[in-house]
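Asks: Chain A is already provided as a structure; the job is to place chain B on it using the hints.
There are 2 protein chains.
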Amino acid sequence: MESKTRYRIKPQTGIAFELKRGQILRVIDSEGEQVSDVVAFGSGGSGRADASEWLSSGRTIDYNNTIYQTTSHILYSNLSNPMFTILEDRVGKHDFLLTPCSPETFEILYEGHEGYHPSCLENLVKNLERFGVKEDDIPTTFNVFMNVDILPSGELRIGPPLSKSGDFVDLRAEMDLVVGATACSAEKSNNHSLKPIDLKVYG
Amino acid sequence: MESKTRYRIKPQTGIAFELKRGQILRVIDSEGEQVSDVVAFGSGGSGRADASEWLSSGRTIDYNNTIYQTTSHILYSNLSNPMFTILEDRVGKHDFLLTPCSPETFEILYEGHEGYHPSCLENLVKNLERFGVKEDDIPTTFNVFMNVDILPSGELRIGPPLSKSGDFVDLRAEMDLVVGATACSAEKSNNHSLKPIDLKVYG
Numbered sequence: 000m001e002s003k004t005r006y007r008i009k010p011q012t013g014i015a016f017e018l019k020r021g022q023i024l025r026v027i028d029s030e031g032e033q034v035s036d037v038v039a040f041g042s043g044g045s046g047r048a049d050a051s052e053w054l055s056s057g058r059t060i061d062y063n064n065t066i067y068q069t070t071s072h073i074l075y076s077n078l079s080n081p082m083f084t085i086l087e088d089r090v091g092k093h094d095f096l097l098t099p100c101s102p103e104t105f106e107i108l109y110e111g112h113e114g115y116h117p118s119c120l121e122n123l124v125k126n127l128e129r130f131g132v133k134e135d136d137i138p139t140t141f142n143v144f145m146n147v148d149i150l151p152s153g154e155l156r157i158g159p160p161l162s163k164s165g166d167f168v169d170l171r172a173e174m175d176l177v178v179g180a181t182a183c184s185a186e187k188s189n190n191h192s193l194k195p196i197d198l199k200v201y202g
Numbered sequence: 000m001e002s003k004t005r006y007r008i009k010p011q012t013g014i015a016f017e018l019k020r021g022q023i024l025r026v027i028d029s030e031g032e033q034v035s036d037v038v039a040f041g042s043g044g045s046g047r048a049d050a051s052e053w054l055s056s057g058r059t060i061d062y063n064n065t066i067y068q069t070t071s072h073i074l075y076s077n078l079s080n081p082m083f084t085i086l087e088d089r090v091g092k093h094d095f096l097l098t099p100c101s102p103e104t105f106e107i108l109y110e111g112h113e114g115y116h117p118s119c120l121e122n123l124v125k126n127l128e129r130f131g132v133k134e135d136d137i138p139t140t141f142n143v144f145m146n147v148d149i150l151p152s153g154e155l156r157i158g159p160p161l162s163k164s165g166d167f168v169d170l171r172a173e174m175d176l177v178v179g180a181t182a183c184s185a186e187k188s189n190n191h192s193l194k195p196i197d198l199k200v201y202g
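The listed protein sequences correspond, in order, to chains A and B. 0 is the number of the first residue of the first sequence in numbering that gives the first Met the number 0; add one for each residue after it. 0 is the number of the first residue of the second sequence in numbering that gives the first Met the number 0; add one for each residue after it.
In isolation and in its complexed conformation, chain A is listed as follows (with noise of 0.2 Å):
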């Protein structure tokens, strides 16, 4: 199937748009070891985002009984219905537990960050604003991509992504929805090394 639609994300920047339920979104990391913070809404088709259903961590990890999500899972939203299946995954590795990174984030992570820093909250918030959507709507994002491991004190650890240059996840709308998306802004999750992120839509 021929992808009509593409998008470049720059890097440290982000990008909003509809989905149409059937729809697939193609999530691919151009580079390498780039992270892609993706959240989503449902719009009934309405060009604009409904705050009250949105892609929900906590169902998702729950109904899975895992906190990897890869090909065959469902995405669930904070009202239980599907918003997206994975249909493929060419790395298996994706994280579902933090929040995109913030202001906070670095003030409150990064040693010896002083001043302004680019986050994927500001940049989701920057391009769903059009759809309605305000920054306290935000979740916790699916963070393709993210390589997260929890060590046996719960202790996070975060590693460079697994994901090699042109690899993808492919995800099926089951919903008509507002998408936003970023590439991310924090050097942890990305080894120190900023990229773009590239979308395709299929169908």
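Calculated directly from the structure, the hints in this document are not laboratory data. Any given hint might turn out to be false.
You can't tell identical chains apart in this list, so a pair holds if it fits in one copy or across any two.
[To be verified] Heads up, simulated DSBU-like pairs for lysine-lysine below, C-alpha to C-alpha not over 35 Å straight-line:
| no. | residue 1 | residue 2 |
| --- | --- | --- |
| 1 | LYS92 | LYS133 |
| 2 | LYS133 | LYS19 |
| 3 | LYS125 | LYS163 |
| 4 | LYS133 | LYS194 |
Replies: Same frame as chain A, but now just chain B:
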């Protein structure tokens, strides 16, 4: 310090109440091996929940760099503000990954289940309604005493809570809050024995 306010949450029910900044909420597993799902919203002391500021699993896990929150950890809101500080924790194992059990939880995860089953989601909604909270506002709850292990594969393993009769957690409110809490309705979370939860408020 003497507790002026005490609540008993009967098995498979919930409660909601206001908590003022500086007050300490003690969540007590009176009989042992029971789970309490706790959620909170900012209130600004208005007596109403501000649904735009809610307890965030993602921000908390992120900023504390662990999935297991215990003594001295701060529980953050979606706006990166401290909501609670854990002052004392007699158990040391609580879950912040899973959503409150819902009607769909029993359909999807409980083999052979049929018909109506009480759920924490329903009990939170029923009690938080009078503070202006809607079902779709409920985020991933802080599941006090819930014993979830993560296998290296990412799979979750839910065991009986480690809490013994009388064990408790003390949460200091860092802002004016509306709090919802349950005595969990899901048999897998509490070793198939549904029990009450006791709450005391200090200060």
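Asks: Could you run down the list of hints and mark each one as holding or not?
Replies: Against the structure, the hints come out as follows:
no.	hint	result
1	LYS92 x LYS133	both (29 Å within a copy, 34 Å between copies)
2	LYS133 x LYS19	both (22 Å within a copy, 27 Å between copies)
3	LYS125 x LYS163	within (29 Å within a copy, 48 Å between copies)
4	LYS133 x LYS194	within (26 Å within a copy, 39 Å between copies)
No hint from the list above goes unmet by this structure.
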